[in-house]
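Q: Each chain, written out:
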Amino acid sequence: MDIISVALPALGDAAGLILQPIVLGYLVLGVVMGLCVGVFPGLGGIAGLSLLLPFMFGMDPVLGLALMIGMVAVVPTSDTFASVLMGIPGSSASQATVLDGFPLAKKGEAARALSAAFASSLFGGLVGAMFLTVFILVARPIVLEFRTPELLMITIFGLSMVGILAGRVALKGIAAAGLGMMIGTIGEGDSAGELRMATYDMPYLVDGLKLVIVGLGIFAIPEIVALLRRDKSISDRSPLGGGWLSGVRDWFANIWLSVRCSIIGVIVGVIPGLGGSVVDWIAYGHSVQTTKDKSKFGSGEIRGVIGPESSNNAKEGGGLVPTLLFGIPGSGSMAIFIGAIALLGSGNIEVGPSMLKNNLDITYAIVWLLALANVVGTLICIAASGGIARLTTIPFALLAPFLFMIISFAAFQSGQDIMDLVALFAIGFLGIMMRRFDWSRPAFLIGFVLSNPAETYANQAVQIAQSRFRKSFEEGIDYIFSPIVIVLIIITLISVVLGLRQAKTIMAEGAVESGAKRAPLIFLLVALGYLAVAFTNAAMIPDYAAADRVFPRFVSGVAIVACVILLVQMMIRPETHALFADREASDVDANAHGLWSTLAWFAGLLILTSLLGFILALAIFLFCFIKYRAGRSLGFALVYTATGIAFMCAMAGLLNRDFPQGLLQSFMDLPWPLT
Amino acid sequence: MTTFTSTRRVAMGLVAAAAATFATQGTAGGHGIDLEGKTVEWVIPFSETGGSAKWANFYAPLLSEALPGNPTVVVKFMPGAGSTKGANWFQEQTYEDGTLIFGSSGSTQFPYLLGDPRVRYEYNDWNVVLASGTGGVAYLPPDLAEKMDGFDASGLKDTDFIYGSQGATRLDLVPLLAWEMLGLNVEPVFGIKGRGDGRLMFERGEANIDYQTSSSFLKGVTPLVEAGTAVPMMSWGALDAEGNIVRDPTFPDMPTFKEVCEATEMCETSGEQWDAWKAFFVAGFPAQKMVFLPAGASNDAMVTYTAAFEAVKARADFAEISSGRLGKYPQMTGDEAKGALSSATQVPEAAKTFVVNWLSERYGVTLN
Chain A
1 MDIISVALPA LGDAAGLILQ PIVLGYLVLG VVMGLCVGVF PGLGGIAGLS LLLPFMFGMD
61 PVLGLALMIG MVAVVPTSDT FASVLMGIPG SSASQATVLD GFPLAKKGEA ARALSAAFAS
121 SLFGGLVGAM FLTVFILVAR PIVLEFRTPE LLMITIFGLS MVGILAGRVA LKGIAAAGLG
181 MMIGTIGEGD SAGELRMATY DMPYLVDGLK LVIVGLGIFA IPEIVALLRR DKSISDRSPL
241 GGGWLSGVRD WFANIWLSVR CSIIGVIVGV IPGLGGSVVD WIAYGHSVQT TKDKSKFGSG
301 EIRGVIGPES SNNAKEGGGL VPTLLFGIPG SGSMAIFIGA IALLGSGNIE VGPSMLKNNL
361 DITYAIVWLL ALANVVGTLI CIAASGGIAR LTTIPFALLA PFLFMIISFA AFQSGQDIMD
421 LVALFAIGFL GIMMRRFDWS RPAFLIGFVL SNPAETYANQ AVQIAQSRFR KSFEEGIDYI
481 FSPIVIVLII ITLISVVLGL RQAKTIMAEG AVESGAKRAP LIFLLVALGY LAVAFTNAAM
541 IPDYAAADRV FPRFVSGVAI VACVILLVQM MIRPETHALF ADREASDVDA NAHGLWSTLA
601 WFAGLLILTS LLGFILALAI FLFCFIKYRA GRSLGFALVY TATGIAFMCA MAGLLNRDFP
661 QGLLQSFMDL PWPLT
Chain B
1 MTTFTSTRRV AMGLVAAAAA TFATQGTAGG HGIDLEGKTV EWVIPFSETG GSAKWANFYA
61 PLLSEALPGN PTVVVKFMPG AGSTKGANWF QEQTYEDGTL IFGSSGSTQF PYLLGDPRVR
121 YEYNDWNVVL ASGTGGVAYL PPDLAEKMDG FDASGLKDTD FIYGSQGATR LDLVPLLAWE
181 MLGLNVEPVF GIKGRGDGRL MFERGEANID YQTSSSFLKG VTPLVEAGTA VPMMSWGALD
241 AEGNIVRDPT FPDMPTFKEV CEATEMCETS GEQWDAWKAF FVAGFPAQKM VFLPAGASND
301 AMVTYTAAFE AVKARADFAE ISSGRLGKYP QMTGDEAKGA LSSATQVPEA AKTFVVNWLS
361 ERYGVTLN
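Protein chains in written order, with this note's numbering: chain A, 1 to 675; chain B, 1 to 368.
One chain only, chain A, in its complex shape:
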């Protein structure tokens, strides 16, 4: 009944919403940006979306969604370029593609591999969109029944999955998610306004850290720094070769594999926390299992490309299910997506049950956009493959300062305070360390995003339940243990048990070798130290503000227990155990530059900004970096610097923003943009 009267008209309305030239224009723009983000290795959907965030304020919701969906949907398509041509995963979702895609390219069959990958991507993307449509239709009546206890329970479910499935060592995932949640509690508590890990002497911390800063710091900065350290000149790529049509024929011949892997992608996408980094491996494993002649895998088997590529596009549709229905991000990029939707329009669209109730047309617009973006993305990838492939030849040393400039600008937009840059640097450093020691960064980010809802839901559910219990015992029990809550509890328990069994085989960010004991131990001790301080800090909140005390104390307590168990394990286990994963050990040959010297460049930018203001500091940074680190000529460095500054000023002019000020500006008045 509801389907016919409400859902189907909304589906039609949604089509009307997006089939306008301007919406399609924004979609194409988003797709093109997504292509770039996907092609440059290391930058995934998270970094791309973070960069879009400052533009989302007050934007027309449909246009903003077109831009974001265009970008999210196309990353798993375009990251294939880097995987196939360079043998470097363009993003974490196409690591498995490298195994057979790169050998194919070496054999001169790059075009065949790419076209098979694109066909699979397109198909997978459409399967994902279709699944999302059906799922929303079916689940909407149930989701509309969700009240605070149900929302709390599904948040707990999401968090438990994220923590446990985040990597090889489940305890590390739990500690990472706990750390993210604790970072999320910094600032004024929502219930009683009590401060947590902040003082009024540092007003910046009172408002808490912003999502943009945490997202960029924890994902984009570590990737940029890592790639910069490798400093791989990407020019040693293979030629494209011919055989576009044969690739499509390959895909068609293996269509059932594509169907199965798409379904795998959707299912993995739906489970919060699994997301992009594992889906391709699962699909690859399935492809190997279902192929009779396994000998060619690893040396150029086309099924090894079709499987992962079908699944990694399909997972976006699956990932949108928990995101749109419950506001639980399935992956890091979905976490940013949720934050971005809250900024759109007049800020009254909030993902979760209320969106399905009040903005059903917008919900379906997202589905249509997802399908459309996959088609547009594939077409552009095929049509412009020659040009896009050339993008991969840009040395990363030239790209990095530009990316860092945009990231700094995006971070500064969130609070318009120089502290934004300090926070970005600090979180970035944490991100680098987490990446190094294989602590799950998606778990950290999702923990950060869910920290606030989890606390609010918990506090409100308790308050409302108390009031119901005062009325009568039955009413209280009915409220807390509704059928949906009970089902969710059972699902959570089963998933935790299954998840703990399976977790050991998950290589979220590829295999990381173990190094010496000392460095991972120090990092664990630092994390434990912060948690202990946060725990004490929360415990000191007085009784009248108890509502602000319970949550941080509980979360830090759990995380501390996880860390202490890890500590004991570290003492017992040998150095080769996965506990001591250390990227510095495994990447020792690949790294051309040291960590500290690379970081010093960015620290330099930060210090210069605090002295001279952002624009002057940026000019010096860009010039010196291109001249000395990238080793280009004086003229090249000057042109690069001028282009960068002009780009920044254009962005700031467009958004009507000023730049961070330094000490210099407090002594003299300078004209814009130097102010």
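These aren't lab readings, by the way, just hints derived from the structure by calculation.
A hint or two may mislead.
Derived Cβ-Cβ restraints for the label pairs, each shown as a range [claimed, not checked]:
{"id": "1", "chain 1": "B", "residue 1": "R362", "chain 2": "A", "residue 2": "G16", "range": "47 to 55 Å"}
{"id": "2", "chain 1": "A", "residue 1": "G653", "chain 2": "B", "residue 2": "K328", "range": "31 to 39 Å"}
{"id": "3", "chain 1": "A", "residue 1": "H593", "chain 2": "B", "residue 2": "R118", "range": "40 to 48 Å"}
{"id": "4", "chain 1": "A", "residue 1": "H577", "chain 2": "B", "residue 2": "Q93", "range": "58 to 66 Å"}
{"id": "5", "chain 1": "B", "residue 1": "A350", "chain 2": "A", "residue 2": "T199", "range": "39 to 47 Å"}
{"id": "6", "chain 1": "B", "residue 1": "P61", "chain 2": "A", "residue 2": "S586", "range": "43 to 51 Å"}
{"id": "7", "chain 1": "B", "residue 1": "K157", "chain 2": "A", "residue 2": "S472", "range": "14 to 22 Å"}
{"id": "8", "chain 1": "A", "residue 1": "G653", "chain 2": "B", "residue 2": "R120", "range": "28 to 36 Å"}
{"id": "9", "chain 1": "A", "residue 1": "Y628", "chain 2": "B", "residue 2": "Q93", "range": "38 to 46 Å"}
{"id": "10", "chain 1": "B", "residue 1": "G324", "chain 2": "A", "residue 2": "M668", "range": "43 to 51 Å"}
{"id": "11", "chain 1": "B", "residue 1": "E226", "chain 2": "A", "residue 2": "C36", "range": "35 to 43 Å"}
{"id": "12", "chain 1": "B", "residue 1": "Q93", "chain 2": "A", "residue 2": "A539", "range": "37 to 45 Å"}
{"id": "13", "chain 1": "B", "residue 1": "E226", "chain 2": "A", "residue 2": "I255", "range": "46 to 54 Å"}
Here the structure is a predicted model, which means the values were calculated and not measured.
Each residue gets a CB set at the ideal place from its N, CA and C atoms; glycine is no exception.
The hints should help you fit chain B onto chain A, whose structure is shown.
A: Using the frame of chain A, we list chain B on its own:
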């Protein structure tokens, strides 16, 4: 400390009043300033998504047309600490050439009135050029609304109410105190991030009483009223020229809280509780949003901005374009704005003491 502050505020008030008289005299002979080729920055101490942003975005293009020289007017957002950060920043600015204005809101006023230790701004240093009013409406689910006997709310005494609240020290103070005066047993569930979340709790059946400001009521609750799932209980009312509470012009068919209070036995429209409620209502609603020039603004600048906002108000289409976006509320300039400012920022000491005690006894909230 408290006495000292209040003495200081009274003194400042007198100074402001004197300055106001002077300014009014000056209005007649001012020259005005020319802003041609300049950019006026309108700082809003909230994020891009709030009601203040909508209000400023509504006025900015109109102001640009009305100011001499048609400067570009840009709205800048400086969110933080519930607007305290932006207001503290504005306090440190001095008048230069009239290209900086600031928009405050009820959330800026209340911490100031309650003596929040984070407040380092002083309204009396600033120069008001526009004051915009708004109203608010409380509403109930239909089964509970039936328990009201006409305007008499006594029938609701035995119901346990749950209300999604942003915090007792914010604008929510006004509805919470009003309901308490009616004898309603309302339990606030703190921690929601905006009034929209409160409405969602009401829609889910978790909260069974709620209030929204006028524009949000028109947009979010009217559909519920039409569908029969919500019934308006009362409006907070509006102020007439003599400072009496009268029916809200946007909701002429709804009783005001004053009428409901008069009809309800428990509630009294006199005494310190009523005075405190009225003082904070006046501070929070009829002059909720104001535009200021910084300390030390020249008389010429004041004249220019006052004239510009008057010109905006005098537009033939103003009633039409503003009613949809701001509601039918007074947009005050000149002496009216100054009157609104003083009633919004000078709560009697007794009312303040009452509310501070009430907050600490009822909700355990202390402000230091």
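Q: Next step is simple, just say for each hint if it's right about the structure.
A: Structure-based check of each hint:
With their beta carbons about 51 Å apart, R362 (chain B) and G16 (chain A) fall inside the hinted range of 47 to 55 Å. Look at G653 (chain A) against K328 (chain B): about 38 Å separates their beta carbons, and that is inside 31 to 39 Å. Between H593 (chain A) and R118 (chain B) the Cβ separation comes to about 45 Å, which falls inside the hinted range of 40 to 48 Å. A beta carbon spacing of about 59 Å between H577 (chain A) and Q93 (chain B) agrees with the range 58 to 66 Å that was offered as a hint.
Checked against the hint of 39 to 47 Å, the C-beta distance between A350 (chain B) and T199 (chain A) comes to roughly 33 Å, which is inconsistent with it. Checked against the given bound of 43 to 51 Å, the beta carbons of P61 (chain B) and S586 (chain A), roughly 58 Å apart, lie outside it. A C-beta distance of roughly 19 Å is found between K157 (chain B) and S472 (chain A), which places it inside the suggested range of 14 to 22 Å. For G653 (chain A) paired with R120 (chain B), a C-beta distance near 32 Å keeps the hint of 28 to 36 Å intact.
The hint said 38 to 46 Å for the Cβ distance between Y628 (chain A) and Q93 (chain B), and at roughly 41 Å that hint holds. One distance hint, 43 to 51 Å for the beta-carbon pair G324 (chain B) and M668 (chain A), holds here, with the actual separation near 46 Å. A hinted range of 35 to 43 Å is violated for the C-beta pair E226 (chain B) and C36 (chain A), which are about 48 Å apart. In this structure the supplied range 37 to 45 Å holds for Q93 (chain B) paired with A539 (chain A), their Cβ-Cβ distance being about 40 Å.
Evaluation of the 46 to 54 Å hint for E226 (chain B) and I255 (chain A) yields a pass: the beta carbon distance comes to about 51 Å.
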